[in-house]
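Visitor: Now for the letters of each chain:
There are 2 protein chains.
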Amino acid sequence: MKIAIIGATGMAGSALYKESTLRGHDVTAIVRDKEKAVSLFGSGAKVIDKDIFDLTKSDLEDFEVIVNAFATAPAKAYLHLDLAAKLIGFFRETKSPRLFFILGAASLLDENGKLYLDTLKTVPDAASWISIPTEAYKTLNFLRGIENVNWVGVSPSVTFIAGEATVPLLGTDSLLTSGKGESIVTSGTMAVAILDEIEKPQFIRTRFTVCNQ
Amino acid sequence: MKIAIIGATGMAGSALYKESTLRGHDVTAIVRDKEKAVSLFGSGAKVIDKDIFDLTKSDLEDFEVIVNAFATAPAKAYLHLDLAAKLIGFFRETKSPRLFFILGAASLLDENGKLYLDTLKTVPDAASWISIPTEAYKTLNFLRGIENVNWVGVSPSVTFIAGEATVPLLGTDSLLTSGKGESIVTSGTMAVAILDEIEKPQFIRTRFTVCNQ
Chain A
1 MKIAIIGATG MAGSALYKES TLRGHDVTAI VRDKEKAVSL FGSGAKVIDK
51 DIFDLTKSDL EDFEVIVNAF ATAPAKAYLH LDLAAKLIGF FRETKSPRLF
101 FILGAASLLD ENGKLYLDTL KTVPDAASWI SIPTEAYKTL NFLRGIENVN
151 WVGVSPSVTF IAGEATVPLL GTDSLLTSGK GESIVTSGTM AVAILDEIEK
201 PQFIRTRFTV CNQ
Chain B
1 MKIAIIGATG MAGSALYKES TLRGHDVTAI VRDKEKAVSL FGSGAKVIDK
51 DIFDLTKSDL EDFEVIVNAF ATAPAKAYLH LDLAAKLIGF FRETKSPRLF
101 FILGAASLLD ENGKLYLDTL KTVPDAASWI SIPTEAYKTL NFLRGIENVN
151 WVGVSPSVTF IAGEATVPLL GTDSLLTSGK GESIVTSGTM AVAILDEIEK
201 PQFIRTRFTV CNQ
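Chains as they are written, first to last, in the UniProt record's numbering: chain A, 1 to 213; chain B, 1 to 213.
Isolated chain A (complex conformation) (with noise of 0.2 Å):
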C-alpha cells in the first residue's frame, strides 16, 4: 500500500518505517530533516521534506495511508491538536487516506478506571511535560467528535520504548500490562501492530492500545 509516516525520523517513525519496507509497502517518509532520513534510510528512500503546517492536500492525498508520528517539545506540545486537526480537515468526506494518530498512554483507563494521565499529574516533575500527554488527549476527544474521515487512534503502552518487535497484545480504552505485569511497549511491537491493523483493519474511528506481550 501508498503509506506516509509524518515523524519518520523518530523513534515511532523509523520503526513503522522499517516495519512498513520490510512488508514490501511503498513508503513516503515526511521529515524536517532530509538529511537525517537519507542516513536512516539510503538515498532511495521517498523523503518529503516540508514543514508539517505547509503540506498541503494535494501533497497528501494520494496516499492509502497516513500514519502521525509526529513528536515536539512539551512548551509546543498544543501542536498535536492543530495538526489532527488539519489533517482531518484535509480529509472531510473521505474513505482515503486513513489516518493514523499515536496518541499516548495518558487517555487509557487503569485497572480502577481512572484515567491515566489524572495519575500522570501527581508525579514530581510533571509540570515540565505533562502538556504533551494533555494535548494528546485532547486530540483523542478531539477525534472521538469526526464521524466522516477514516480515522483511527493507537497509544503505546505506560513505557515506549526503541527496541525489537515482539507478539503485540492488542485492548482498546484500559491500559494493558505484558505476561510479566509490566506496561511496556517498544516502537518494533508498535510498529507491527500498526502495520497489522493497515492491512487488515479493525478498529475504524477509534482507538486501541498496544503492549509487549
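One thing to keep in mind: the hints can contain errors.
[Stated by the list, open to error] Straight line, CA to CA, 25 Å or less: simulated BS3-like cross-link-like pairs of lysine-lysine:
#1 A:K95 to B:K76
#2 A:K86 to B:K76
#3 A:K86 to B:K121
#4 B:K57 to B:K86
#5 B:K86 to A:K95
#6 A:K76 to B:K86
#7 B:K86 to A:K57
#8 B:K57 to A:K50
#9 B:K57 to A:K76
#10 A:K57 to B:K50
#11 A:K86 to B:K50
#12 B:K57 to A:K86
#13 A:K18 to A:K50
#14 A:K50 to B:K86
#15 B:K86 to B:K34
#16 A:K76 to B:K95
#17 B:K86 to A:K86
By construction, these hints were calculated from the structure, which means they are not laboratory data.
Since chain A is already given, all that's left is putting chain B on it; use the hints.
Guide: What follows is chain B alone, placed relative to chain A:
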C-alpha cells in the same frame, strides 16, 4: 478597534457589522459574496471576499478582534469545527486578535442541568439539522482545551432571530429566559452584547450566553 466579521452578511454577522460601525469601529466584512456585502453595507465597506478556508494568517493577524459568525448548511456543519481549529492554529501563543465564536444554544444547560443538545436530539425532525448544534457543541469543547489563544464563545438563547436590540441579559453556561419566560435573543441584542464584550472584556477563554431581557 480593528474588527473583522466572518460571515458578515448573515443574520448575526450583519447585525454585528451595523453595531460595530455605529460605535465607530474599523470594521471589515469577510464574506463569500462581495456583491451581497456591498448591497448591505454600501460601496465604501471594507470587504475581504474569500473562501474562509483560503484565508491566511496574514489576512487576519492585523485585526484586534475577529468575530466568527460563519453559518453553513447541516451537511457541512463540521466546517464550524474545522474553521475554529484553523483560526486557533493561526493564533497560538498570541493575545491578539481576540477570537469570538458564535456557538449556538445547544451547549447550554437547562433548568434541570440537562444539556440542551440532548433535548434537541429528541425533536421529531432533528435528523435534518442536529449536525449544526452538535458541531457547535464539539467546537466549544475543542475551544475549552485551548489555553494559549485569546478566544471567547458566545451562545444565543433557544430562539435566535433577526430583530432590533434590547438590553442584553448575560449568563455563562445555563439557558437564560427573559422576564416573560422566553429564551429568545434578537440579532441586535447579540450584537450589543458582543460589542460590549469587545470594548470591555469580561469573559476570557470561556463562553457566555445572551438573552433579550
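Visitor: Evaluate each hint against the coordinates.
Guide: Status of the hints after comparison with the structure:
1. A C-alpha spacing of about 16 Å is found between K95 (chain A) and K76 (chain B), which places the hinted pair at or below 25 Å, so the restraint holds.
2. With a C-alpha separation of about 16 Å, the suggested pairing of K86 (chain A) with K76 (chain B) holds against the 25 Å cut-off.
3. The hinted pair formed by K86 (chain A) and K121 (chain B) fails the criterion: a straight-line CA distance of about 29 Å is larger than 25 Å.
4. Taking the CA atoms of K57 (chain B) and K86 (chain B), the gap is about 9 Å. The hint holds against a cut of 25 Å.
5. With a C-alpha separation of about 22 Å, the suggested pair K86 (chain B) and K95 (chain A) falls inside the 25 Å cut-off, and the hint holds.
6. Of the pairs offered as hints, the one joining K76 (chain A) and K86 (chain B) holds, with about 16 Å between alpha carbons and a cut-off of 25 Å not exceeded.
7. A C-alpha spacing of about 14 Å is found between K86 (chain B) and K57 (chain A), which places the hinted pair at or below 25 Å, so the restraint holds.
8. For a cut-off of 25 Å, the pair hint linking K57 (chain B) to K50 (chain A) stands: about 19 Å separates their Cα positions.
9. With a C-alpha separation of about 18 Å, the suggested pair K57 (chain B) and K76 (chain A) falls inside the 25 Å cut-off, and the hint holds.
10. Of the supplied pair hints, the one linking K57 (chain A) and K50 (chain B) holds, its CA atoms being roughly 19 Å apart against a limit of 25 Å.
11. The suggested pairing of K86 (chain A) with K50 (chain B) holds, with an alpha-carbon distance near 19 Å, which does not exceed 25 Å.
12. Taking the CA atoms of K57 (chain B) and K86 (chain A), the gap is near 14 Å; set against the 25 Å cutoff, the hint holds.
13. For a cut-off of 25 Å, the pair hint linking K18 (chain A) to K50 (chain A) stands: about 21 Å separates their Cα positions.
14. A hinted pair counts as satisfied when its Cα atoms are at most 25 Å apart, and K50 (chain A) with K86 (chain B) qualifies at roughly 19 Å.
15. With a C-alpha separation of about 22 Å, the suggested pair K86 (chain B) and K34 (chain B) falls inside the 25 Å cut-off, and the hint holds.
16. The hinted pair formed by K76 (chain A) and K95 (chain B) meets the criterion: a straight-line CA distance of about 16 Å does not exceed 25 Å.
17. At roughly 7 Å between alpha-carbon atoms, K86 (chain B) and K86 (chain A) fall within 25 Å of each other, so this suggested pair holds.
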